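**Q** Take the given structure of chain A and dock chain B to it, following the hints.
If you want the building blocks of each chain, they are given just below.
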Amino acid sequence: ATAVDQAVGMSLVVFSLVLFTYYSVWVIVLPFVARDHILHNYFLPREYSVILPGVAAIVVLICILWKNRKPKKVD
Amino acid sequence: MTKLVEWLVGVTVVLVGWAVVSFDLLDLRLPDTYREVAWPMPLYLLVSFGCYSLATVGYRVATFNDCEEAARELQEQIKEAKEDLRKKGLKM
Numbered sequence: 023a024t025a026v027d028q029a030v031g032m033s034l035v036v037f038s039l040v041l042f043t044y045y046s047v048w049v050i051v052l053p054f055v056a057r058d059h060i061l062h063n064y065f066l067p068r069e070y071s072v073i074l075p076g077v078a079a080i081v082v083l084i085c086i087l088w089k090n091r092k093p094k095k096v097d
Numbered sequence: 053m054t055k056l057v058e059w060l061v062g063v064t065v066v067l068v069g070w071a072v073v074s075f076d077l078l079d080l081r082l083p084d085t086y087r088e089v090a091w092p093m094p095l096y097l098l099v100s101f102g103c104y105s106l107a108t109v110g111y112r113v114a115t116f117n118d119c120e121e122a123a124r125e126l127q128e129q130i131k132e133a134k135e136d137l138r139k140k141g142l143k144m
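These protein sequence lines are chains A and B, in that order.
According to our numbering, the residues represented by the first sequence are 23 to 97, in order.
According to our numbering, the residues represented by the second sequence are 53 to 144, in order.
Since the hints were derived computationally from the structure, they do not count as laboratory data.
Mixed in with the good hints there might be a few duds.
Per label pair, the in silico range of CB-to-CB distance [as the list claims (entries may be wrong)]:
#1 A:Val55 x B:Glu121: 49 to 57 Å
#2 A:Arg57 x B:Thr115: 40 to 48 Å
#3 A:Phe54 x B:Ala122: 48 to 56 Å
#4 A:Lys89 x B:Thr85: 53 to 61 Å
#5 B:Cys119 x A:Pro93: 49 to 57 Å
#6 A:His59 x B:Arg124: 22 to 30 Å
#7 A:His59 x B:Ala123: 54 to 62 Å
#8 B:Arg124 x A:Val72: 47 to 55 Å
#9 B:Arg124 x A:Val81: 37 to 45 Å
#10 A:Tyr64 x B:Leu126: 48 to 56 Å
#11 B:Thr85 x A:Leu87: 21 to 29 Å
#12 A:Ile73 x B:Trp70: 45 to 53 Å
#13 A:Val26 x B:Leu126: 15 to 23 Å
#14 A:Lys94 x B:Ser100: 14 to 22 Å
Note that the structure is predicted; figures quoted are calculated from it, not measured.
For every residue, glycine included, the Cβ atom is placed at its ideal position computed from N, Cα and C.
Next comes chain A alone, as it looks inside the complex (with noise of 0.2 Å):
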């Protein structure tokens, strides 16, 4: 693989670890952190753990469909 495609396929691995972690540490160990730790400081609010998934998959969806739109057959 040309140096490119590692630092891009490098940087996507690096990328899904945090946020595989950092998502991991807001939905199950938070909870079960005391209230008043400094830890919460650094996670938003717990809703927003549903909400930002749910924005993404459809942002995400509307790309694809939007790169596939072909036109209308004229018959």
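**A** This is chain B only, laid out in the frame that chain A set:
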């Protein structure tokens, strides 16, 4: 029992378990923290699967086995073939 039926049964069991815990359908009165962790589970599994897919794609792009010599050789052969055909009269 087809694979589809097996899958549907498995998925239903998991979904029912999740619903019972999340919405307290059997009045089990579980501690609130467990309910708070349980209810985003389907979405969490989806996000995890997305991250895993993204990481796999990235990793395989980074470790893809380029054969640079073979690629160059192929380009040479394409040039030769085009020359040959041009000499024989094929218009390109």
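**Q** Does each hint fit the structure? Answer for all of them.
**A** Hint-by-hint comparison with the structure:
1. A:Val55 x B:Glu121: 49 to 57 Å: Holds: the Cβ-Cβ distance is about 56 Å, inside 49 to 57 Å.
2. A:Arg57 x B:Thr115: 40 to 48 Å: holds (44 Å)
3. A:Phe54 x B:Ala122: 48 to 56 Å: holds (55 Å)
4. A:Lys89 x B:Thr85: 53 to 61 Å: Roughly 42 Å apart at Cβ, these two residues miss the hinted range, so it is violated.
5. B:Cys119 x A:Pro93: 49 to 57 Å: violated (40 Å)
6. A:His59 x B:Arg124: 22 to 30 Å: Violated: the Cβ-Cβ distance is about 59 Å, outside 22 to 30 Å.
7. A:His59 x B:Ala123: 54 to 62 Å: holds (55 Å)
8. B:Arg124 x A:Val72: 47 to 55 Å: holds (52 Å)
9. B:Arg124 x A:Val81: 37 to 45 Å: holds (41 Å)
10. A:Tyr64 x B:Leu126: 48 to 56 Å: Taking Cβ atoms as reference, Tyr64 of chain A and Leu126 of chain B lie about 52 Å apart, which means the hint holds.
11. B:Thr85 x A:Leu87: 21 to 29 Å: Check failed, 39 Å falls outside 21 to 29 Å.
12. A:Ile73 x B:Trp70: 45 to 53 Å: Violated: the Cβ-Cβ distance is about 20 Å, outside 45 to 53 Å.
13. A:Val26 x B:Leu126: 15 to 23 Å: At 21 Å between Cβs, range holds.
14. A:Lys94 x B:Ser100: 14 to 22 Å: With Cβ atoms ~39 Å apart, the hint is violated.
The structure fails to meet hints 4, 5, 6, 11, 12, 14 from the earlier list, while all remaining hints are met.
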